[in-house]
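Peer 1: Taken in order, these protein sequences are the chains called X and Z. Using our numbering, the letters of the first sequence correspond one by one to residues 1 to 115. Using our numbering, the letters of the second sequence correspond one by one to residues 116 to 226.
If you are wondering where the hints come from, they were derived from the structure by calculation, not from laboratory data. Quick caveat: nothing in here was measured; it's all calculated off a predicted structure. Here a beta-carbon is modelled for each residue, glycine too, at the ideal position from N, C-alpha and C. Just so you know, nobody snuck in bad clues.
Lysine to aspartate or glutamate pairs mimicking EDC-like chemistry, simulated, CA-CA at most 20 Å apart:
id	chain 1	residue 1	chain 2	residue 2
1	Z	K170	X	E103
2	Z	K186	Z	E169
3	Z	K225	Z	E130
4	Z	K178	X	E103
5	Z	K132	Z	E175
6	Z	K186	Z	D213
7	Z	K174	Z	D199
8	X	K9	Z	D154
9	Z	K118	Z	E209
10	Z	K225	Z	E124
11	Z	K178	Z	E120
12	Z	K170	Z	D182
13	Z	K172	X	E103
14	Z	K118	X	E59
15	Z	K186	Z	E120
16	Z	K225	Z	D154
17	Z	K118	Z	D213
18	Z	K118	X	D38
19	Z	K174	X	E103
20	X	K9	X	D38
21	Z	K186	Z	E167
Calculated from the model, a selection of chain Z residues having no Cβ within reach of chain X, i.e. all distances over 10 Å:
id	residue
22	L177
23	L189
24	K225
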Amino acid sequence: NAGVTQTPKFQVLKTGQSMTLQCAQDMNHEYMSWYRQDPGMGLRLIHYSVGAGITDQGEVPNGYNVSRSTTEDFPLRLLSAAPSQTSVYFCASSGLAGGGNGELFFGEGSRLTVL
Amino acid sequence: SQKIEQNSEALNIQEGKTATLTCNYTNYSPAYLQWYRQDPGRGPVFLLLIRENEKEKRKERLKVTFDTTLKQSLFHITASQPADSATYLCALDEGNNDMRFGAGTRLTVKP
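Only chain X is shown next, with the shape it has when bound in the complex (with noise of 0.2 Å):
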């Protein structure tokens, strides 16, 4: 059982670049959500959904798009990026439709840096 899956673990890119980061759960979780971590500010959410065809946005969605065309897939993708979105990003699926009344599984992370 893979679990939450993200590809690529790496990633360099210039300055007004775009890209897709992957994100495949396995489990049949209607939640699933993306995240970033940077170094004293914790994980801050930047979309979620709750199922095929809704997504929402969280703490900081700015320069992030994201679709659910299924159940198991919920790319990021960043249209121009910036210096500033350097940063770990995290997806988390949960079975429940609620994220926090079921636990978070979190993929191993996918490191970005913008030049």
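Please build the complex by placing chain Z on the supplied structure of chain X, with the hints as guidance.
Peer 2: Quick look at chain Z alone, frame taken from chain X:
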């Protein structure tokens, strides 16, 4: 403004002692509060969930308390071991699917 504060960036204790980590929050009314463990270079791993109407939860050597009057959760690891060394994160959700995390406390258990 809303804040989640974990007592200190780092906590050092001796093996066998009880580690107590604190999570204080301001301007939140959490329906759920969770604790996670994170090892360097890895994703967080769920440890315990406590709901607003619960005072205490236990799991093996772990205990969590939740005081909605003090707006505080305490996380205890009894009989600590060097393998418990990690960063511990608290997270809370007001029931609106928007889970917020504290910055974490790095625990080091020395043999």
